[in-house]
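Participant: Each chain, written out:
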Amino acid sequence: MTRATGRGAVATRPGLVWAVPAAVFFGMFALTPLLLVAVLSFTSWDGIGDPHFNGLDNWTALFHDPVMLQSVWTTLLLTALGVVTQTPVSILIGVWAAGKQRNRAVLSAVYFVPLLLSATAVSVVWRAVLDPNFGVPAQLTWLFGDGNLLGTKSGAIGVLTFVGVWQFTPLHALIYQGGARAIPQVLYQAAAVDGAGRVRQFLHITLPQLRNTVITSVILMVVGGLTTFDTVLILTQGGPGTDTTVTSYYMYQKAFKSFDFGTGSAIALVLVVVATLISLAVVRLSGYDRMRGTAEGL
Amino acid sequence: MRSRLAAVTAVTALVLGTSAACSSGDSSSDAGAGTIHVLVYGDAGNKVEKQIVETFNRTSKVKAVLDTIPGADYQQKLQTVINSSRAPDIFFNWGGGSIQSFVKADLLLPLDGFIAEDPGLKNNFLPSVFNSAVIDKKAYGIPMRGTQPVLLFHNKKVLADAGLTPPKTWDELLATTKALKAKGITPISLGGGDQWPTLMWFEYLYDRIAGPGLFQRALGGDKEAWASEDSRKALTTLKQLVDAGAFGSNFDSVKFTDGGSPALVAKGKAAFELMGSWYYSTQQDANPDFAKSGLGYTGFPALSGGKGDPADVVGNTNNFYSVLKKTKHPVEVAAFLKLMYSEEFVKAQLAIGNLPTTTNTPDHFDLSASPAYSKDQYQLVKDAPSFQLSWDQAYPPSAMTPMHTAIQQFFNGGLDADGFIKAMQALPTS
Numbered sequence: 001m002t003r004a005t006g007r008g009a010v011a012t013r014p015g016l017v018w019a020v021p022a023a024v025f026f027g028m029f030a031l032t033p034l035l036l037v038a039v040l041s042f043t044s045w046d047g048i049g050d051p052h053f054n055g056l057d058n059w060t061a062l063f064h065d066p067v068m069l070q071s072v073w074t075t076l077l078l079t080a081l082g083v084v085t086q087t088p089v090s091i092l093i094g095v096w097a098a099g100k101q102r103n104r105a106v107l108s109a110v111y112f113v114p115l116l117l118s119a120t121a122v123s124v125v126w127r128a129v130l131d132p133n134f135g136v137p138a139q140l141t142w143l144f145g146d147g148n149l150l151g152t153k154s155g156a157i158g159v160l161t162f163v164g165v166w167q168f169t170p171l172h173a174l175i176y177q178g179g180a181r182a183i184p185q186v187l188y189q190a191a192a193v194d195g196a197g198r199v200r201q202f203l204h205i206t207l208p209q210l211r212n213t214v215i216t217s218v219i220l221m222v223v224g225g226l227t228t229f230d231t232v233l234i235l236t237q238g239g240p241g242t243d244t245t246v247t248s249y250y251m252y253q254k255a256f257k258s259f260d261f262g263t264g265s266a267i268a269l270v271l272v273v274v275a276t277l278i279s280l281a282v283v284r285l286s287g288y289d290r291m292r293g294t295a296e297g298l
Numbered sequence: 001m002r003s004r005l006a007a008v009t010a011v012t013a014l015v016l017g018t019s020a021a022c023s024s025g026d027s028s029s030d031a032g033a034g035t036i037h038v039l040v041y042g043d044a045g046n047k048v049e050k051q052i053v054e055t056f057n058r059t060s061k062v063k064a065v066l067d068t069i070p071g072a073d074y075q076q077k078l079q080t081v082i083n084s085s086r087a088p089d090i091f092f093n094w095g096g097g098s099i100q101s102f103v104k105a106d107l108l109l110p111l112d113g114f115i116a117e118d119p120g121l122k123n124n125f126l127p128s129v130f131n132s133a134v135i136d137k138k139a140y141g142i143p144m145r146g147t148q149p150v151l152l153f154h155n156k157k158v159l160a161d162a163g164l165t166p167p168k169t170w171d172e173l174l175a176t177t178k179a180l181k182a183k184g185i186t187p188i189s190l191g192g193g194d195q196w197p198t199l200m201w202f203e204y205l206y207d208r209i210a211g212p213g214l215f216q217r218a219l220g221g222d223k224e225a226w227a228s229e230d231s232r233k234a235l236t237t238l239k240q241l242v243d244a245g246a247f248g249s250n251f252d253s254v255k256f257t258d259g260g261s262p263a264l265v266a267k268g269k270a271a272f273e274l275m276g277s278w279y280y281s282t283q284q285d286a287n288p289d290f291a292k293s294g295l296g297y298t299g300f301p302a303l304s305g306g307k308g309d310p311a312d313v314v315g316n317t318n319n320f321y322s323v324l325k326k327t328k329h330p331v332e333v334a335a336f337l338k339l340m341y342s343e344e345f346v347k348a349q350l351a352i353g354n355l356p357t358t359t360n361t362p363d364h365f366d367l368s369a370s371p372a373y374s375k376d377q378y379q380l381v382k383d384a385p386s387f388q389l390s391w392d393q394a395y396p397p398s399a400m401t402p403m404h405t406a407i408q409q410f411f412n413g414g415l416d417a418d419g420f421i422k423a424m425q426a427l428p429t430s
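Protein chains in written order, with the UniProt record's numbering: chain Y, 1 to 298; chain B, 1 to 430.
One thing to keep in mind: the hints can contain errors.
[To be verified] Derived BS3-like pairs: lysine-lysine, alpha-carbon spacing no greater than 25 Å straight-line:
1. B/Lys-168 to B/Lys-292
2. Y/Lys-153 to B/Lys-168
3. Y/Lys-257 to B/Lys-104
Keep in mind the hints are simulated off the structure, nothing from the lab.
Using the sequences provided together with the hints, build the complete structure.
Facilitator: The following block contains the structure:
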């Protein structure tokens, strides 16, 4: 008796062989580098000659390094701000763009443009727009004061958050658009018969139905936020002082500006561990791992 | 996500070694019997380097090959290849801290042997410049390209309109600052967002107040130098200038590199800017009319009671060619280095706007885009009892980030004098 006839539905699932190509690539380009970085984190290496093992030196130094701790907090803060600001905007735009009118399709396409630009180009442009003497702040002094946006902690974090919203909302709006389109129209028709207005429909049908989409989008935002790099590199260079030195940028500074690859590797590992833990936590807490559908009872 | 992966793979690429990254170059120095490789920073200056290599190859049996690395990647690439079989014979650097780790790893050839054979390799260059590639009393570099002293630039019209003249002393600078503020003009433009322009103020203040000795002591590992009375006085003096509003309040949001701070001066919104001698060509590029008639310059003001000579300058002394110990063609390398004081070299450098630091440079000033500017600069460097290499290049690369951070924080009030001193004492010196 073959498994196919014995187990029915299970037999149609793909076999383990299908995972081989992906596993090989993952091993080559993710696991091997990760292992090498792990080894490097126990060495002192300036890029010249051979790395020397120095035991836990990098790690103990890192745990006593105020900048490291600060960088983790800054990273978490920026990630949280990203999720909090991008999610509502993306949901509203995504649900709106899920409509059927023709002008919406055109507007949605225009709206999508920021995502197509490289983060580097985006940062350079925003840097120019926000120049305190020749940019927007110089025109709107009642709003921006002396325009010292990138020279203060709150200003710099605000700018990074804002640029994040500007750049990544299109992607998440797209995801929500897909999610909103998949909601069965029957639900809205039934609600309309019962006399529910648009706001009620949105709150009681759209949002609950978008639950899994929200989780997907939030995980993407969290992972993206934890590894923010390019905007920090160009907009703030981790400054003023170390106020926007996020962990990924700190890793870059240590490894590629200070030629301290051992410490850089240790920071990279911290980032991998923190990002993995947070992603797992989001998946667990949201019940995403149980793969519950939103179409039950239909 | 993408950035983390990129960084991780970049580290891996370095781990996996130089073999993969650098195998694309043509015959390496150990393979072909007849070549010396010259590694340089890739930019507009390569025009002259190409010409010199051609000149050399016309007469030499051992041929020189010029390898250029795009500027942003130069140091990383150098760090990767220097201890591998792909290492060049001769390479471009900034002297001082930029080659210190290579000297320590015993990779570089002291050039004293070459100089003994041909004293011209030393005597044909300005001493204040030549000395910044001397480590542990041994010469490790021959100047190439041009010198870049830091000067105090100003907008002539702004000063004239306010009835002011360029300040010769610190007190005059303070008085000028006050007068300009009263007129609603930012006295001094500063690209604090780049951090290194802020550093220039520290370099000059420390030199004027304590003399060049303090920084040299600190660089040598004497951490007490930073806590000395002179050091504190320099910080207090600087802080007074910042607190007086000389730089305005939003300097950390302004950059030099994107044209922000030079535009302030060119448009008359600010009067002064302290910057390297490339400022002239920066302005010429962005605001040609202003560069032609409105841009003035002076040396950094003298400070009464200070121990430093008012003729001292700071900045990028020059770029240098250093030689790898394991070069197989030392004789040809020495011959190549001699071209760095040749007439052809000087003329070619002046033609692209650089100011070479050979003693025969003044003979060819008429070739410069602005002879008077070149002449003044050259005289300044020649007369300088001390030419302090920029702090961030005098220290090893690992000190650069923490130094820039402390500089920025002291200026914006994030650190007080004690905090700054502590941060500087924590810098690695070797």
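Participant: Take a quick look at whether B/Lys-168 and B/Lys-292 sit within 25 Å of each other, Cα to Cα.
Facilitator: OK: B/Lys-168 and B/Lys-292 at ~23 Å, within 25 Å.
Participant: Can the restraint linking Y/Lys-153 and B/Lys-168 be considered satisfied, given a maximum Cα separation of 25 Å?
Facilitator: violated (37 Å)
Participant: Mind checking the alpha carbons of Y/Lys-257 and B/Lys-104 for me, to see if they're no more than 25 Å apart?
Facilitator: Distance ~19 Å between Y/Lys-257 and B/Lys-104 Cα, so the pair holds.
Violated hints amount to a single one, hint 2; each of the other numbered hints is respected by the structure.
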